[in-house]
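Sequences listed follow chains A and D, in order. According to this note's numbering, the first sequence holds residues 7 to 271 in order. According to this note's numbering, the second sequence holds residues 7 to 236 in order.
Hints are computed from structural coordinates only; laboratory data are not their basis. It is possible that part of the hints are untrue.
Said to hold, decoys possible - Each computed DSS-like pair below joins lysine-lysine, with the alpha-carbon atoms no more than 30 Å apart:
hint, chain 1, residue 1, chain 2, residue 2
1, D, K62, A, K219
2, D, K113, A, K219
3, A, K219, D, K130
4, A, K166, D, K75
5, D, K78, A, K166
6, D, K130, D, K62
7, A, K219, D, K75
Said to hold, decoys possible - Chain D is nowhere near these chain A residues, computed Cβ spacing over 10 Å in every case:
hint, residue
8, M7
9, M13
10, Y17
11, V74
12, N112
13, G128
14, I143
15, Y152
16, F160
17, A165
18, I175
19, M220
20, G222
21, G226
22, Q265
No residue lacks a Cβ here, since even glycine has one placed at the ideal position from N, Cα and C.
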Amino acid sequence: MFSLAFMQNAYLAGTFIAIICGTIGVFVIARNLSFLTHTLSEIGFAGAAFGIFMGWTALTGMLIFTVVSSVIVGQMSVKQSRREASISAISALFIGLGILFLSLSNQTSSYATSILFGSVIGIAHADVIRVAVLSGIVILVMLGLYRPLKFDSFDAIGAKVSGLWTTGISVIFLVLVAMSVSVAAQIVGSLLIFILLTLPAAAARYFVHTVSKMIGLSIGFALIGVWLGLYLSYVTNLPVSFFIASIECLFYLAALGFQRLRVGS
Amino acid sequence: MTEPLIAVQHLGISFPNNQVFKDLNFKIEQGDFLTVIGENGVGKTTLIRALLGLVKPSAGHIDYYPNRKAIKIGYVPQFRNLDQEYPLTVEDFVGLNIRGWLPWLTKAEHRQVQTAMAVTNVKKIKQRPLGMASGGEKQRAYLAQAIVQAPQLLILDESTASLDNEMKYELLDLVQNLNQTSNITVFFVTHDLPLAKQYAKHYLALRPGQQQFGEMAEMSVDQLKGVTNV
Chain A
7 MFSLAFMQNA
17 YLAGTFIAII
27 CGTIGVFVIA
37 RNLSFLTHTL
47 SEIGFAGAAF
57 GIFMGWTALT
67 GMLIFTVVSS
77 VIVGQMSVKQ
87 SRREASISAI
97 SALFIGLGIL
107 FLSLSNQTSS
117 YATSILFGSV
127 IGIAHADVIR
137 VAVLSGIVIL
147 VMLGLYRPLK
157 FDSFDAIGAK
167 VSGLWTTGIS
177 VIFLVLVAMS
187 VSVAAQIVGS
197 LLIFILLTLP
207 AAAARYFVHT
217 VSKMIGLSIG
227 FALIGVWLGL
237 YLSYVTNLPV
247 SFFIASIECL
257 FYLAALGFQR
267 LRVGS
Chain D
7 MTEPLIAVQH
17 LGISFPNNQV
27 FKDLNFKIEQ
37 GDFLTVIGEN
47 GVGKTTLIRA
57 LLGLVKPSAG
67 HIDYYPNRKA
77 IKIGYVPQFR
87 NLDQEYPLTV
97 EDFVGLNIRG
107 WLPWLTKAEH
117 RQVQTAMAVT
127 NVKKIKQRPL
137 GMASGGEKQR
147 AYLAQAIVQA
157 PQLLILDEST
167 ASLDNEMKYE
177 LLDLVQNLNQ
187 TSNITVFFVT
197 HDLPLAKQYA
207 KHYLALRPGQ
217 QQFGEMAEMS
227 VDQLKGVTNV
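Could you build the full structure based on these sequences and the hints that come with them?
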């Protein structure tokens, strides 16, 4: 399996993506942004279609759409009560735009499918480099912001009253999420990005109880899902997204079961 | 005479269509235990926000000695939406308020966390997820987080409101101990008059358009009719 160049590339890119998604996911879950992440995947799809329509690369369109919209959603959703409704509105608008641009740009539907679901066969060496560089940037920014981001994510009220620049942290974090979704979705599909950004971290918080351990375990769950998923996809010739989604769901269900046993005992 | 830490002079705070304070005067001395009493809606939390610099006065001024930057303020807010599934341990939660840029805590910072947990009596439950702690334990963990940076001023906003009687006194005993042994100045907002009378050195009673400020020992309950329902 590893003698094939595309599988090597898939494993390398998948590893980097699992690491950044596992890390960012812990903060996505703590900040209750799962729904926004889901929306960003759809916005990424619309952005890619827009990029193609304009004659740019899909990545440029995705970056523009996801970064701009995540900041807008972030500003609109300050009030928890209207967060879900405003995200739904934005999401609906962008899926509509995605379909419009795709139809205007005369691309076949297979292109849309590959943006949504990804395609491991098409991963080139240059893609791996791109993901590696992005992962490096994201991890460096996260390390620099680690303490304030941790405070704001896990105790938003405490952070605000202690004078932390919470609005700035929030915007930087949303841009990081948007960048990760855009670049990684090129390779593994926006659906898979959503899974990896939410489920490993959501499962990890039931097993361990410090931020650093949650990040470690979340990366672990993401890596197992990606590695095992790629292997199963290779031997069965079925879509990798299906396997990764199923494995991560199993982790999450196991975590809920574990929590139930613990609280019940 | 004791040195002042903060002096509030002729303070006015207005929002559109709502004047919260007009000509409010009081001072917080170093080592003081000042309680602020008043019914809901008289502006107690607004006053805290003004002291923290989060709300701008529309009249008068707040003077800090020697200056605002030199005074570290620890604050235990009234509401915190941490549910039963809140994952962090008490220890990790307390450490959130340690500032700096290193991703990990240094040895000295780790000691700060241990000290804050020791004086607030949460060291025994430091590995417990905070979501699974009791109401009193949670309040003590919030207190530990507020004092982890060794503040000069500790602000408590209705911290005892959700606690049963025994836990209220347990928490306030800890606060009093901090006040006496570490010389932390305490600014305690409550509408629990018996609690205020037992622990505070000074009081500031707020009611719409009026204020009373003085020594707790000289406070007469009759004067406070309309300030609290106790």
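Each hint, compared with the structure:
{"no.": "1", "hint": "D:K62 with A:K219", "result": "violated, 41 Å"}
{"no.": "2", "hint": "D:K113 with A:K219", "result": "holds, 19 Å"}
{"no.": "3", "hint": "A:K219 with D:K130", "result": "holds, 21 Å"}
{"no.": "4", "hint": "A:K166 with D:K75", "result": "holds, 17 Å"}
{"no.": "5", "hint": "D:K78 with A:K166", "result": "holds, 15 Å"}
{"no.": "6", "hint": "D:K130 with D:K62", "result": "violated, 41 Å"}
{"no.": "7", "hint": "A:K219 with D:K75", "result": "violated, 35 Å"}
{"no.": "8", "hint": "M7", "result": "holds, 36 Å"}
{"no.": "9", "hint": "M13", "result": "holds, 34 Å"}
{"no.": "10", "hint": "Y17", "result": "holds, 27 Å"}
{"no.": "11", "hint": "V74", "result": "holds, 29 Å"}
{"no.": "12", "hint": "N112", "result": "holds, 48 Å"}
{"no.": "13", "hint": "G128", "result": "holds, 36 Å"}
{"no.": "14", "hint": "I143", "result": "holds, 16 Å"}
{"no.": "15", "hint": "Y152", "result": "violated, 4 Å"}
{"no.": "16", "hint": "F160", "result": "violated, 6 Å"}
{"no.": "17", "hint": "A165", "result": "violated, 8 Å"}
{"no.": "18", "hint": "I175", "result": "holds, 13 Å"}
{"no.": "19", "hint": "M220", "result": "violated, 7 Å"}
{"no.": "20", "hint": "G222", "result": "holds, 13 Å"}
{"no.": "21", "hint": "G226", "result": "holds, 16 Å"}
{"no.": "22", "hint": "Q265", "result": "violated, 8 Å"}
Violated hints, in rising order: 1, 6, 7, 15, 16, 17, 19, 22; the structure is consistent with all others.
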